[in-house]
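Model the full assembly from the supplied sequences, consistent with the hints where possible.
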Amino acid sequence: MLIRRWLPVGLTLLGMLGVTAVWAQKEEAGSRPKAPARRLDPDTVSVRLLLGVGDRQRQTWSGQAKVDQGEILGVEGYRFRKGDKVTGNDSWQAKSLLVRKVAAKKAGQGAAKKKQQQVAAKKQTGPGTPGPNITPNGVIVSLKAPPTATLSVETEHGVFKVRLADLADGLAHPYLDGRANAQRVPDGVTLLDSVDQEDFPAAAADANGAAWVAFVVHQARGPSDLESFASRPKTFAEYAPKGGGDQVRLFRFADGKADEPLDVTQSGLDVWRPAVAVDRTGKVIVVWSENEAGNWDLYRRVYDPEKKSWSETKRLTTNPGTDTDVVLARAPDGKVWMAWQSWIKGQADILVAEVDGDSNSKPLNISNHPRNDWSPSLSFDKNGRIFVAFDSYRAGNYDVLLWSGTADGGRLVSVAGSAKYEARPTLTVDPRGRAWVAYEERDPNWGKDAENLVDGKGSTLYRSAAVRVRCVDGDRVLDAPDPLANAADELRPMNSYPRISLDRDGRIWLAFRHRQESIWGGPAVMVVGALWVEHVTALAGKAWEPPLPLSRSDGLLDHRPALVAPSDGPLLAFYSSDGRLRREVEFNPELNRKFWTHQGTPSGADSAFNEDLQVAALTPLSKGGSVDPTPTDRVAAEDETPDVHPDESADVSRMRDHRIQAGGKTYRLIRGDFHRHTEISMDGGSDGSLEDMWRYALDAASFDWMGNADHDNGGGKEYTWWLVQKTTDLYNGEKFTSMFTYERSNAYPHGHRNVMFAQRGIRTLPRLVDETGVVDEDTPMLYDYLKEHNGLCASHTSGTGMGTDWRDVNPEFEPMVEIFQGHRNSYEYLGAPRVARRPGEAIGGWKPLGMVWNALALQYKLGFQASSDHISTHISYAIAIAEDSTREAIFDAFKRRHCYGATDNILLDVRSGEHIMGDEFTADGPVRLKIKVQGTAPIARVDIIKDFRYAYSTEPNRPQVEFEWQDEEKRPAGLSWYYVRVLQTNGELAWGSPFWVHLGDTGASR
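Just add 19 to the spot in the sequence shown (first one is 1) and you have the numbering used here.
No lab work stands behind these hints, which were simulated from the structure alone.
Be a bit skeptical, because a hint or two may be false.
As the list claims (entries may be wrong) - DSS-like cross-link-like pairs, simulated, lysine-lysine; straight-line CA separation at most 25 Å:
#1 684 with 745
#2 104 with 120
#3 880 with 745
#4 880 with 965
#5 261 with 806
Pasting the structure below:
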């Protein structure tokens, strides 16, 4: 195929993201949208068209398209919902769309509401994003036409004419006074569109003009989505489903279409992110990470296209820790090399090796540092020199490093080494031997003390995000221009996960994820989650072209397209999309009953979430001018960001080294978090990716354990549950323990609860509902489920609209409570530190019956822990007092209430004889408590609280406190509870779980 055949001649006018399916038509037909029956045509260019820009209420945007030269091939929808449809080869029926429901305004409240929205837009503290309630719809008009053609679009709001030549600049051009716009985007088609999940593509080019794409197909383990219960089940055996699982597959893409996929592995496995390369003989090498009996190792298989035969599967690593995130590249001599992240004795390094090298040779450890290293990217220059970019936490924040060398060794260069978060590099080497590194940049003190998106000394995980590009030329590190310099204002914030590559002309291409929407709070549709869209741009000379959205790239934040340059034709992008934008489902009473509290989405034929594989052809906007990218000298920025916790390493070591000898057992303090959301939650648009959560736990917080708390692990969807389960195993290691957890949300008075298991494989539990909503039997049903599958749960934000009045508590399965939440308040009792004292101070509603002291008054025995919820970081610690750091030991500790909550690394050790915090026992004399506190600042106050009274208080004003106390109160026989609370001078707190003590008569009068 000649290169010139890829130059644009025809165009396709489409709505943003260029959808392949008309939701309303397919929904009415009762089947899932199918992939288009066309090849990726090198003579087709796509243009996005939005209809209803700026609408304040839903408007009809039905219309018809005509072209003065060429022919119209067909029309498809952009964001069609029920009622929208294609009515002919060149016409459609559609309306702009309601995305957020709003209550009717009362008289005189218009100005006040507008002011409130303006303030919210400036100071966003919650998971939702302020924005319009109405969003545009759009259409796709496929046509064959010369660049001189004009497309006429007739709508009920007027006719506008689009000169195709005007769209060559890549900018969005307004029409109808800005109520419509059109912009060129890369042409793309859907490759695989089945009821299974096709995800994690990797691609490599062969010498014959084809690309080989490896990917993972996942078959559901149990139902794809879980519907609410109409009656209480007698058993929950089906919530530990069997079958399903992953399979690595491979297909050849040539002449604009994909061949039938080949099986690389058997089905039913547990695998992670394959990589692919083509060696000098044309054989296709596929490497992937696979979980075998709890250990993740790398495996490879080779396909011979000439013989149409496979090699045997070969295990490449035997390390007892996780080997993952493998990448492949072919050297100039045709040999294939790999780089990967290897967890060795609980710490991650980056290793490099030839895939099929000498069996006696050892992988080269190129990072070799006691702190964790992440995200390798591998390339070669024309002389065979190896280049590997990765990021490292060695400086106490993420920095980007570049290693270059040979099998005998090499050197490290700092590409980005400020106090900011600089991570997830990708790498390409140009013909001149210069290494181009794209990476993601976020705020300094990432993952340190923060309450929300505004307040705090540190930065949350996803408060800001930008993509940067630098060039390493010998000993010089140079800056590339800002990739968003020519972007529209709305595209500048929240850009992540860059991917960089070269096309055949030597042009630099960059792809990145952009957060387009994050709508929560009165949604009009069944929300899958925030919306991220892939954008691409090319660097020609000293300037980047305007970023263009990729068709059908809507999905999660962590989607990583594979960019590959075939030997003939343009650069290709292979990527996955879950269709969350293109398959939106509006609420109706029946769906609301089936998927209560917006946690789920329809399954099967009506699925609003399904990963499919896509491909797009990337052709530059500029056909002339310089192709050679030009970096500039880097200007060193002043780095004056102070550490939030300069003594954190010592604080963490002190906690980890502490031992408690009691009752013939030895206990440790295992620090973690029971409640951390990600991109997978429907309201997780400001929480960051699933990988961000694990990075935060392992590095920024230096936790010993962590549990994911995404709502029903993604609204009860099997695939997102599988991803959470998979990564929970992936990052479980020698120094860090990952627990299987999720949040199960019900409105007050039933309450939000976080669920925990020590074992993998338990699906999330839907709600028990009737026509009025969740019923009282729902919580006892939850306890039945936990009993059958050996789980436990804990209420959180108990004193809010997400809380409970304690009408249903079974301490056997609910042994603890989240007494403090970093994103909101404490719920100890009214008047206690950090507890809201009136409705205006409460975050999330005012339900004072949910205060923890009320549960104690009802004689419930609950241990205390603190966790984060959304956004908040590094100010919530759920500390298990466990005999070991295994999953079983941590679970057992919480089950026994052996735990405490804190807002910092505060060491709290309280004992009563041979008993530790959380124990229930009978005293044969006065109760004695032995208390040891080691703070991160001077201790302002230590309180011993007994039966709703302050039994003793001291104000030591020093970091370390040790003392013993004896209860001298005279009272009749009965059960009393005691707990210790610590307050530091800087306001940080710790709450020890109570002791429950059966007391004999101490001589008090009755």
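To see whether the hints hold, each was checked on the structure:
1. 684 with 745: violated (33 Å)
2. 104 with 120: holds (23 Å)
3. 880 with 745: violated (34 Å)
4. 880 with 965: holds (14 Å)
5. 261 with 806: holds (20 Å)
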